[in-house]
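K.L.:
The hints should help you fit chain B onto chain A, whose structure is shown.
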Amino acid sequence: EAEVAQSPRYKITEKSQAVAFWCDPISGHATLYWYRQILGQGPELLVQFQDESVVDDSQLPKDRFSAERLKGVDSTLKIQPAELGDSAMYLCASSLDPWTGGFLTGELFFGEGSRLTVL
Amino acid sequence: KQEVTQIPAALSVPEGENLVLNCSFTDSAIYNLQWFRQDPGKGLTSLLLIQSSQREQTSGRLNASLDKSSGRSTLYIAASQPGDSATYLCAVKGGTYKYIFGTGTRLKVLA
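The listed protein sequences correspond, in order, to chains A and B. For the first sequence, position 89 (counting from the first letter as 1) is numbered 89 according to our numbering, and the numbering increases by one without interruption. One rule links them: number in our numbering = place in the second sequence (from 1) + 1000.
Excised from the complex, chain A in its bound form (with noise of 0.2 Å):
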């Protein structure tokens, strides 16, 4: 069955340090988020790429968070330095092209997740 990749699943790291997660989408899926959420609340998003185009990235903290998706296909998110307000679990999710594909159009799929600690 398809699925979202990401890695790593847990990162630790000491403030001011850099980090980066990784994650690839399903196969055809035009639509890439990044999502944050912290322990008890739902998942903020971050940035949204429709193929390689940022779509939104009107809450991504751009002073040191950064985030691209060359290709189109898979995405890497930067955190430079990170502070210890950034722990949390980084979720990655894509979905088909919202204008194309049929009755599941829109359905947004998840990965795993990466913990982050920042110690």
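Certain hints may be false.
Here are the computed lysine-lysine pairs in the BS3-like style, where the Cα-Cα straight-line distance is at most 27 Å [to be verified]:
id, chain 1, residue 1, chain 2, residue 2
1, A, 15, A, 71
2, B, 1042, A, 11
3, B, 1042, B, 1068
4, A, 71, A, 11
5, B, 1098, B, 1042
6, A, 78, B, 1108
7, B, 1098, A, 71
8, A, 78, A, 62
9, A, 11, A, 78
10, A, 78, B, 1042
11, B, 1001, B, 1108
12, A, 15, B, 1042
13, A, 62, B, 1001
14, B, 1001, B, 1068
15, A, 62, B, 1098
16, A, 15, A, 62
17, B, 1098, B, 1001
Not the full set, but computed from the structure, chain B residues with beta-carbon under 8 Å of chain A [claimed, not checked]:
id, residue
18, 1001
19, 1057
20, 1060
21, 1061
22, 1076
23, 1093
24, 1094
25, 1103
With beta-carbon atoms standing in for the labels, derived distance ranges [as the list claims (entries may be wrong)]:
id, chain 1, residue 1, chain 2, residue 2, range
26, B, 1069, A, 12, 42 to 52 Å
27, B, 1041, A, 20, 17 to 27 Å
28, A, 7, B, 1039, 17 to 27 Å
29, A, 59, B, 1026, 40 to 50 Å
30, A, 20, B, 1027, 44 to 54 Å
31, B, 1016, A, 80, 48 to 58 Å
32, B, 1019, A, 38, 20 to 30 Å
33, A, 16, B, 1053, 24 to 34 Å
34, B, 1022, A, 16, 35 to 45 Å
FYI, nobody ran anything at the bench for these hints, they're computed from the structure. This one's a predicted model, so the numbers in the text were calculated from it and none came from an experiment. Even glycine gets a Cβ: it sits at the ideal position worked out from N, Cα and C.
P.N.:
Quick look at chain B alone, frame taken from chain A:
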């Protein structure tokens, strides 16, 4: 600005009970609503997707309904089992193709 609320925040029920989880949203102009399950430390698993033109969707013991005019969705779980214990989240997709999530309902089914 779309806001999504889930009540109750936590629920504990004995095995075999039928239960209803609630999701409410403030802006009725949505494309779809999706229910997810999340086990501790894991990602989200899609349960049901309801398009804006639909009233309900069913999968096994799960049934989700959507009432756009009142800004509400319910997830009905029949004959609950201990394996159903998890956090259930709803997410609403609006005009910007952005999903807005609720904070979830933590369900515990007691054996």
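K.L.:
For every hint, state whether the structure bears it out.
P.N.:
Here's how the hints hold up against the structure:
no.: 1; hint: A:15 <-> A:71; verdict: 31 Å, violated
no.: 2; hint: B:1042 <-> A:11; verdict: 14 Å, holds
no.: 3; hint: B:1042 <-> B:1068; verdict: 30 Å, violated
no.: 4; hint: A:71 <-> A:11; verdict: 26 Å, holds
no.: 5; hint: B:1098 <-> B:1042; verdict: 22 Å, holds
no.: 6; hint: A:78 <-> B:1108; verdict: 36 Å, violated
no.: 7; hint: B:1098 <-> A:71; verdict: 22 Å, holds
no.: 8; hint: A:78 <-> A:62; verdict: 10 Å, holds
no.: 9; hint: A:11 <-> A:78; verdict: 13 Å, holds
no.: 10; hint: A:78 <-> B:1042; verdict: 21 Å, holds
no.: 11; hint: B:1001 <-> B:1108; verdict: 32 Å, violated
no.: 12; hint: A:15 <-> B:1042; verdict: 24 Å, holds
no.: 13; hint: A:62 <-> B:1001; verdict: 22 Å, holds
no.: 14; hint: B:1001 <-> B:1068; verdict: 16 Å, holds
no.: 15; hint: A:62 <-> B:1098; verdict: 19 Å, holds
no.: 16; hint: A:15 <-> A:62; verdict: 17 Å, holds
no.: 17; hint: B:1098 <-> B:1001; verdict: 12 Å, holds
no.: 18; hint: 1001; verdict: 12 Å, violated
no.: 19; hint: 1057; verdict: 10 Å, violated
no.: 20; hint: 1060; verdict: 17 Å, violated
no.: 21; hint: 1061; verdict: 20 Å, violated
no.: 22; hint: 1076; verdict: 20 Å, violated
no.: 23; hint: 1093; verdict: 6 Å, holds
no.: 24; hint: 1094; verdict: 11 Å, violated
no.: 25; hint: 1103; verdict: 5 Å, holds
no.: 26; hint: B:1069 <-> A:12: 42 to 52 Å; verdict: 48 Å, holds
no.: 27; hint: B:1041 <-> A:20: 17 to 27 Å; verdict: 21 Å, holds
no.: 28; hint: A:7 <-> B:1039: 17 to 27 Å; verdict: 19 Å, holds
no.: 29; hint: A:59 <-> B:1026: 40 to 50 Å; verdict: 18 Å, violated
no.: 30; hint: A:20 <-> B:1027: 44 to 54 Å; verdict: 35 Å, violated
no.: 31; hint: B:1016 <-> A:80: 48 to 58 Å; verdict: 51 Å, holds
no.: 32; hint: B:1019 <-> A:38: 20 to 30 Å; verdict: 26 Å, holds
no.: 33; hint: A:16 <-> B:1053: 24 to 34 Å; verdict: 50 Å, violated
no.: 34; hint: B:1022 <-> A:16: 35 to 45 Å; verdict: 43 Å, holds
When the structure is compared with the earlier hints, violations turn up for hints 1, 3, 6, 11, 18, 19, 20, 21, 22, 24, 29, 30 and 33 and for no others.
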